[in-house]
Amino acid sequence: MQITLNRIVLVAIASLAALSGVAEAGSKAKIDRRVDKALSEFRDNIGGADAVLAKSVGILVFPSVKKAGIGIGGEYGEGALRIGGRSVAYYNTAAASIGFQLGAQARRQMIVFLDQKALDKFRASEGWEIGVDASVAVVTLDAGGAIDTTTLDQPIVAFIFDGKGLMYNLTLEGSKISRIHKD
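Numbers in this note's numbering are just positions in the sequence shown, counted from 1, shifted up by 8.
Errors might be hidden in some of the hints.
What the hints assert, rightly or not - Straight line, CA to CA, 25 Å or less: simulated BS3-like cross-link-like pairs of lysine-lysine: (1) K38 to K74; (2) K38 to K184; (3) K184 to K74; (4) K129 to K63; (5) K184 to K125; (6) K184 to K129; (7) K74 to K36; (8) K45 to K184; (9) K129 to K36; (10) K63 to K45; (11) K125 to K63; (12) K45 to K74; (13) K184 to K36.
Honestly, the hints are just simulated from the structure, not real lab data.
Generate coordinates for the entire structure from the input sequences, incorporating the hints supplied.
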């Protein structure tokens, strides 16, 4: 029997969901609390964060994206899109991969829209895949890091910060972002 790539991807995501307890989507209130905390820590720990957030037309915040893999890997996280300081929609991010990878990690991920057209295109999509539907500049930051806002010339910039754990193979390429339809 031949195993297709789609089945492998589904098995990887299902395994990660079972291991990380994400089978049920979090409530809006719970996601909002986690987003508030992530934004606060971003502002407190990263130099230049306030300037980047002030330039943004929208911010998609995933307070915790969990990733695990041994050869086959997957990742999952839930977050909110903030415009004008308030949540306007809720999303999840998921990805699966095959190849040399080992470990597990959790990280915060923030996608900052610096261009209204890019934000509008994202909001109009049914499902958005990084690297396919949009090119995203990725910046990885450690606590105490700083952002040089003069070099941010891309319409969409992703910040990865507060990583915990050890994982070889850190990328956003191929991450699929989908809207969570909530009551």
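For each hint, the structure was consulted:
{"no.": "1", "hint": "K38 to K74", "in the structure": "17 Å, holds"}
{"no.": "2", "hint": "K38 to K184", "in the structure": "22 Å, holds"}
{"no.": "3", "hint": "K184 to K74", "in the structure": "14 Å, holds"}
{"no.": "4", "hint": "K129 to K63", "in the structure": "18 Å, holds"}
{"no.": "5", "hint": "K184 to K125", "in the structure": "20 Å, holds"}
{"no.": "6", "hint": "K184 to K129", "in the structure": "15 Å, holds"}
{"no.": "7", "hint": "K74 to K36", "in the structure": "19 Å, holds"}
{"no.": "8", "hint": "K45 to K184", "in the structure": "24 Å, holds"}
{"no.": "9", "hint": "K129 to K36", "in the structure": "23 Å, holds"}
{"no.": "10", "hint": "K63 to K45", "in the structure": "20 Å, holds"}
{"no.": "11", "hint": "K125 to K63", "in the structure": "14 Å, holds"}
{"no.": "12", "hint": "K45 to K74", "in the structure": "17 Å, holds"}
{"no.": "13", "hint": "K184 to K36", "in the structure": "20 Å, holds"}
The structure agrees with every numbered hint stated previously.
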